[in-house]
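Please work from the sequences and hints to get the whole structure.
Letter by letter, the chains look like this.
There are 2 protein chains.
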Amino acid sequence: MSPSPNDLTPVAIPEPTLKRLPYYYKFIQGQREARREFVSCTTLAEALGLNAIQVRKDLQATGAVGRPKVGYHVEATLDAIEECMGYHNTQDIFLVGAGHLGQALLAYPGFSEFGFNVVAAFDSDPAKVGTEFAGKPILEASRLSDLVRRMHIQIAILAVPATAAQTVTDTLVQAGIRAIWNFTPTRLAVPKEVLVQDENLLASLSVLSKQLENSRVKSHKESTHGKPEEL
Amino acid sequence: MSPSPNDLTPVAIPEPTLKRLPYYYKFIQGQREARREFVSCTTLAEALGLNAIQVRKDLQATGAVGRPKVGYHVEATLDAIEECMGYHNTQDIFLVGAGHLGQALLAYPGFSEFGFNVVAAFDSDPAKVGTEFAGKPILEASRLSDLVRRMHIQIAILAVPATAAQTVTDTLVQAGIRAIWNFTPTRLAVPKEVLVQDENLLASLSVLSKQLENSRVKSHKESTHGKPEEL
DNA sequence: TAGATTGTTAATCGATTAACAATC
DNA sequence: TAGATTGTTAATCGATTAACAATC
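If you read the sequences in order, they're chains A and B.
For what it's worth, numbering that gives the first Met the number 0 labels the leading residue of the first sequence as 0, then goes sequentially.
For what it's worth, numbering that gives the first Met the number 0 labels the leading residue of the second sequence as 0, then goes sequentially.
Keep in mind that the hints are not guaranteed to be accurate.
Cβ-Cβ distance ranges computed for the label pairs, FRET-style [as the list claims (entries may be wrong)]:
1) B/Pro-108 - A/His-87: 30 to 40 Å
2) B/Pro-67 - A/Val-64: 27 to 37 Å
3) A/Val-64 - B/Ala-51: 41 to 51 Å
4) A/Glu-192 - B/Gln-53: 18 to 28 Å
5) B/Ala-44 - A/Glu-192: 19 to 29 Å
Result set (PhoX-like, lysine-lysine): computed pairs, CA atoms no more than 20 Å apart in a straight line [stated by the list, open to error]:
6) B/Lys-25 - A/Lys-18
7) A/Lys-209 - B/Lys-191
8) B/Lys-209 - A/Lys-191
9) A/Lys-56 - A/Lys-18
10) B/Lys-56 - A/Lys-209
11) B/Lys-209 - A/Lys-18
12) B/Lys-18 - B/Lys-56
13) A/Lys-209 - B/Lys-25
14) B/Lys-209 - A/Lys-209
15) B/Lys-209 - A/Lys-25
16) B/Lys-209 - A/Lys-56
Calculated from the structure, these hints are not laboratory results.
Note that the structure is a prediction, hence the values are computed from the model and not measured.
Even for Gly, the Cβ is constructed at its ideal location relative to N, Cα and C.
Structure below.
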């Protein structure tokens, strides 16, 4: 069963591209507000600090088509990105763990713009259960499994303490979850059909800190240039 | 000035590797607690769902050396990762924007384990200024510039509303900041010496959602296998 | 010794970048 | 028409994976 050339399966868009699309979207929205009808790759690239060819490839992946000499039609391109990313299809999401981070995510504005709807949070703290936060109900953790199943929830946000991460994950998987947005520093064991997107904050900060150290060494080697304060 | 072979500059560790190191570190710590003296790549790879060869390469980048047939010495490897990632050198950090997300980051445990110390938060809301959160003072935003300079702060966490992102960034850069951990959905314009690590939450969730859609199409094409609830 | 595991060198794969033709 | 910009095909680059020799 080799892939035939006339296979209509859309080619999977590379993850780096997917991560850049929201930036294009936001910028092009700005162009729309400024009543501009077309936008070029060069403009986009310059505004976002990217390579123009890369922008072109990325837009191509969404199905947007540009016109030589003119650029990309603002409206059509916004539509293409929306369609491609599924900003239209609202997706109900559960949040598990209503601690500080969980609450911040509950209050996070802008989920809805991208078609996400956090419908409820779950927590095991009796003091929180039954209350609301940012207009979303906090429910008893024991109800999680049943509700995932009955409401056919596909995506869960995992913001529980690291110690509970795998247990809660097992529950979610058993209940039929399809994807987990993981804010715990734990590598989750899941069956291969279940997607996990890790959001390891400490790891990201470590990367930044290490790169800073590198750049420090490098610039020190290259030359002793002026004090950064005066830039 | 071509790089000579006996150049002692340490080769920059690839970002994907840097992101995995904290996972190795955590797992090997667990092995230490379990009083195991050695750990092999295969064990690590299996526990973390990675490729054993990749683990070997990653550990190699930290300077850790293993012994054939035996594996990696737990203590020595932990030391190598700590040394490599600079977990020892404490780094003072400022948080800008004490909204829900900012507060969650203030309360985030585990920063200190990796050598980070969030010393203060800054906000423009008079109701917050002067108070404390999670034991950290929230200071008047106008003092940011001066304090970055005087305390030689190198890393800032940016958790302000998108509308303020670039303005605050400019202030930080002028004050001599070296790296920004950016939680806003804005692509920041900074001079090239300043590092930016983007943490675009909505973009990450979009990626997950899109990949879910892909996998749905794919598995639907491949076969109509049993209901996920019964896995 | 035999077998497991590391270390190293080569092959593969995917994303980015470059080159250039097509076009409005 | 000339020039700017897209679309496409090829080259480059870096990370992952594979193959295999070295070693305890």
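Structure-based check of all given hints:
For the hinted restraint 30 to 40 Å between B/Pro-108 and A/His-87, the CB-CB distance of approximately 39 Å keeps it satisfied. Under the hint 27 to 37 Å, the C-beta atoms of B/Pro-67 and A/Val-64, about 56 Å apart, miss the expected range. For A/Val-64 paired with B/Ala-51, a C-beta distance near 44 Å keeps the hint of 41 to 51 Å intact. Between A/Glu-192 and B/Gln-53 the C-beta distance comes to about 23 Å, which sits within the given range of 18 to 28 Å.
In this structure the hint that B/Ala-44 and A/Glu-192 lie 19 to 29 Å apart at CB holds, the actual value being about 21 Å. This hinted pair does not check out: B/Lys-25 and A/Lys-18 have alpha carbons roughly 28 Å apart, beyond 20 Å. Proximity of A/Lys-209 to B/Lys-191 is assessed by CA-CA distance (about 17 Å); at most 20 Å being required, the pair is judged to hold. As the CA atoms of B/Lys-209 and A/Lys-191 are separated by approximately 17 Å, the hinted pair is consistent with the 20 Å bound.
A threshold of 20 Å between alpha carbons decides the hint, and for A/Lys-56 with A/Lys-18 the separation of about 14 Å falls inside it, so the pair holds. For the suggested pair B/Lys-56 and A/Lys-209, the alpha carbons sit about 18 Å apart, so the restraint of at most 20 Å is met. Distance check on the hinted pair: B/Lys-209 and A/Lys-18 sit about 11 Å apart at the alpha-carbon level, within 20 Å; holds. With a C-alpha separation of about 14 Å, the suggested pairing of B/Lys-18 with B/Lys-56 holds against the 20 Å cut-off.
Of the pairs offered as hints, the one joining A/Lys-209 and B/Lys-25 holds, with about 18 Å between alpha carbons and a cut-off of 20 Å not exceeded. For the hint linking B/Lys-209 to A/Lys-209, the alpha-carbon distance of about 31 Å lies beyond 20 Å, and the restraint is violated. This hinted pair checks out: B/Lys-209 and A/Lys-25 have alpha carbons roughly 18 Å apart, not beyond 20 Å. For the hint linking B/Lys-209 to A/Lys-56, the alpha-carbon distance of about 18 Å falls within 20 Å, and the restraint holds.
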